[in-house]
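One-letter residues, chain by chain:
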Amino acid sequence: MWEYTEKVKDHFLNPRNVGVIEDADGIGEVGSLACGDALKLTIKLDNSKKINDAKFQTFGCASAIASSSALTEMIKGLTVDEADKITNNDIAQYLGGLPKEKMHCSVMGRDALEKAIANYRGEPDKVAEGEIVCECFGITDLEIERAVKENSLKTVEDVTGFVKAGGGCGNCHDAIQKIIASVNGTLPKEKRKPVELTNIQKIRLVEETLKREIKPALRKDGGDIELVDFADNTVFVKLCGTCSTCSASQVTLKHYVETKIKELVSPELVVEEVLQ
Amino acid sequence: MKAIYVDNNATTRVDPMVLDAMLPYFNDFYGNPSSMHSFGGEVAHKIDEARIKVASLVNASPDEIVFTSCGTESNSTAIHATISSIPDKKHIITSRVEHPAVKNLCEYLSKKGYRITFVPVDRKGMLDVDYLYNSLTDDTAIVSIMWANNETGMIFPIEEISQVVKQKGIVFHTDAVQAAGKVPVDVDKSKVDMLSLSGHKIHAPKGVGALFVRKGTRFSPFLIGGHQEGGRRGGTENVVSIIGLGKASELAENHLEEVTTRVGQLRDKLESELLRRIPNSMINGDSENRLPNTTSISFEYVEGESILLMIDEFGICASSGSACTSGSLEPSHVLRAMGVPFTAAHGSIRFSLSIYNTEEEIDFIIEKLPPIIEHLRNLSPFWK
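Here the protein sequences line up with chains A and B, keeping their order. Here the working numbering runs 34 ahead of the position in the first sequence, where the first position is 1. Here the working numbering runs 2 ahead of the position in the second sequence, where the first position is 1.
Next comes chain A alone, as it looks inside the complex (with noise of 0.2 Å):
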């Protein structure tokens, strides 16, 4: 069993500010039903260009509800600017602390803030730049770097608890280990390539990410999916068989379609549905 304070026990039974503010000025959507949490973080500003109310919808363990509770009650109040300040520490810290393995919670609700602040600012969503170097949860160079930088974090199974790159697989241990030295200076600090890819070898690339990842998992529930367009970044494809009529295919669409094809292809795609 997890020790989680008690102020963790509080905001997890009785979680504050629960729900979407429909006329939102910022939203911020992380996470996945694959990845086992998620949280979508509405907020309001008033005439002072304060943050007057926060709402949260989340899916996740005890200390995914708490942290984004937590977040909405540390937000209010606040200037844009201020709180764009908050770190996943402050959020874990505002909670009486996070066991270890459980400080990626706080980095959910820091995310999502940071997201929502972005989208209140029209400035465009900083979607995982970088390289995927856990392919499990798709999670960035950069995105390790940063919780390695912010959190003095020393070893991979540290980052795992962090960001949870490292936890699934296993494979990219190795590259973990090497962003962990370079950030604490023991390995020259090597020079990211992006690799550029062409219009013609994007299309590709999603066409061969559709045939063999993404259809033959929709199928097994009766689905399917085709690809109609490709223009600006944007992957546009025509659901069918079930997915047509089922409730949940905007879940599918962005947080299966979407993610599969950003971490397989590449991380600036988005993918649009078009109707039938």
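Keep in mind the hints are simulated off the structure, nothing from the lab. There may be inaccurate statements among the hints.
Stated by the list, open to error - Rough simulated footprint, nothing fancy, chain A against chain B, three-plus residues with beta-carbon under 8 Å:
{"id": "1", "region": "292 to 305"}
{"id": "2", "region": "344 to 354"}
{"id": "3", "region": "371 to 384"}
In this text the structure is predicted, and so the values were computed from the model without any measurement. C-beta atoms are modelled at their ideal positions from N, C-alpha and C, and glycine is treated no differently.
Add chain B to chain A, keeping to what the hints say.
What follows is chain B alone, placed relative to chain A:
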């Protein structure tokens, strides 16, 4: 608050009669069964009695029972004893849904030069028996398949599989830790060479187990030391717990019918009422070929740890195959091997009953769980 304990596949309470049988052997009759004096000799007699009772539970002969410290030791002993007695064979067959005691040992051995075949299961958790048969080769040293699965309760056709494996002259081991005391386990009807048992799953204390080793099976001890257990396991016997295991085996044999009838009916009521009252819920496994005390139910769009902590507020003790409860980040390997979608695997709860559960307790769970699932779903961004 009174605990409502429905986590009996994790561990069980020590039966009061088992405790009574054990108590005198802590400080009244503390002799060493190996001693020459009659003070120790009396204790040796009690161990012999326990051996007869454990043997009877699985219809073995008493000298085919080796006492160990736990189910894990029994499993490790069986596999190590076999591969070290036939060192030229380098292939092991097991299933994808074994307990970590077998699964992690096989993964370890795969790094030591062994080729391991992990036999898959279907969506209902049933073993692909043909896949197993097609994997048998001249190089196969041992086949180790569990009798029943701890998470779903699925029972594998061990009697049939062991016949086929034995025809090829290959050693067959089964981890029957979850099956014993819940369904008939008869080594006489099957061809298993070795079979693992654990005390604390059948109302004996933790820290004691047993391994059935059929007469004539090639064997070498895992713990090398004194002549205890007929030279098959060194180390002074855990006398008190062995006496407890003996008493618990006797009781398990007597209670078997109650487990398959009354406990089975309670499980069925719990399962059908939860499925009826909670939308988007499903059983992991098959209602056929399943332990009578076990059900694994997935509640979509909620996470298992949250459910467990909420029912904990009412004293209800169960477990989950969700990632968050294990400290790892991936849901149970059993549910993943069955192809249970992530949406459901994260929200899986296992209830495992025992003869100590009452209908009032089951009704209490049926009353308390639906609003908890509804509350957690209302928190979830995926629930509409």
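Evaluated hints:
| no. | hint | in the structure |
| --- | --- | --- |
| 1 | 292 to 305 | holds (count 3) |
| 2 | 344 to 354 | holds (count 3) |
| 3 | 371 to 384 | holds (count 5) |
Hint check: no violations occur; every hint is consistent with the structure.
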